[in-house]
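Peer 1: Spelled out from the first residue to the last, the chains are:
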Amino acid sequence: MKTSEKIPVLLRLFLSTLYLSTFTFGGGYVIVTLLKNTFVDKYHWIDEEEMLDLVAIAQSSPGAIAVNGAIVVGFKLAGFPGVLASVSGAIIPPMVILSLVSLCYTAFCTNPLIASMLNGMKAGVGAVIASVVWDMGGNVLQTKDLTGILIMFLSFFLSWFGGVNVIYIILCTAAFGMLRAVCHKFRQKNPPPRSR
Amino acid sequence: MIYIQLFLSFLQIGLFSFGGGYAAMPLIQEQVVIRHQWLSMSAFADLMTISEMTPGPIAVNAATFVGTQTAGFPGAAAATLGCILPSCLFVTLLAFVYIRCRNLSLLQQTLASLRPAVVAMIAKAGLTILISAFFLDGTFSLLRENISIRMIVWFAGAVFLLRRAKWNPILVMVLCGVCETVFCL
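Just so you know, the sequences run in chain order A and B.
Here my numbering is used: the first sequence runs in plain steps of one and ends on residue 196.
Here my numbering is used: the second sequence runs in plain steps of one and ends on residue 185.
Bear in mind the hints are in silico, worked out from the structure with no lab data behind them.
Incorrect hints may have been included.
What the hints assert, rightly or not - Keeping only pairs whose Cα atoms sit at most 30 Å apart, straight-line, the calculated DSSO-like set for lysine-lysine is:
{"hint": "1", "chain 1": "B", "residue 1": "166", "chain 2": "A", "residue 2": "144"}
{"hint": "2", "chain 1": "A", "residue 1": "185", "chain 2": "A", "residue 2": "144"}
{"hint": "3", "chain 1": "A", "residue 1": "185", "chain 2": "B", "residue 2": "166"}
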């Protein structure tokens, strides 16, 4: 693609992620679906199968899924300039909104009405998180993978009672998971023939 | 310097939160409440509430909020940059490798092992928020005058509405807030 042709693509990338990021409530998975709707179904810039793999990359990388989703789409469509355009679109709305909230926060907190509102909403947030944990934990139990279930309970106990830093738990489990994946690969005696 | 501290803290949050959304929460808590004490536990719970109510990823919301609270707009910029930098590098690298060789199986298997640990970390962060909601002094002690029965009732009602009645989470949270406000009047 020539530079002159890239500019409308960049602009459209920026505007699409800006729009999605402003109006998407409900977290990363929702925004990934909307990215697919926009770039696969509406603009036909990426084909469906490739989009599924790009979404897998966004979900397997560290960081916010909404930002990762914007990065893969931006990179796929326009390389590094595309990443810049789509990431700025994705982070400007939350930055603006939270800056405003932050400026008002001190005033909010001293207002007894808003303070009790926020306080009550804590119970609601706790319920939302409990519900998410219930679903995710249920999925882990359903796999009947004993190692996974053990990892879940062990890491909870280590961090709750042992006070172990979250980062160490993530790092150790990731290293263990990688070891497991590599062993699994070696154990497969007849690897499927590679196709080019 | 505060900007470098903010940048490095959120760099770690961006680097180690696998699994999106809620996965960042325990890491934010570790950095912001426990290690650097930029926010109190109660302000952290407020931040999670606000993040649920507004669009945008929790980590970016937290970066902007904590940055603005501690060091104004430059602080917000430093924290947000730290938070998205690992994503930019990692995702671009992966996308590049993917476009070349189209094989992600090793990575996906590694992540499958990581998922149970992520669930456990989210559970831990959720429990600390609940403890700060249920106990008036914010610590786990089973004294009758320290327990807020009202908050436990809101929680039970919210769980029922979410699980059984399948209400929208934002609506459930607002309802909890309204109930508490009405009772405090």
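Peer 1: If a hint holds in the structure, say so; if it doesn't, say that too.
Peer 2: Here is what the structure says about each hint:
Using a Cα cut-off of 30 Å, the hinted pair residue 166 of chain B and residue 144 of chain A holds, with the two alpha carbons roughly 27 Å apart. Of the supplied pair hints, the one linking residue 185 of chain A and residue 144 of chain A holds, its CA atoms being roughly 21 Å apart against a limit of 30 Å. Among the hinted pairs, residue 185 of chain A with residue 166 of chain B is inconsistent with the structure: their alpha-carbon atoms are about 41 Å apart, more than 30 Å.
Violation of the numbered hints given earlier is confined to hint 3; every other hint is satisfied by the structure.
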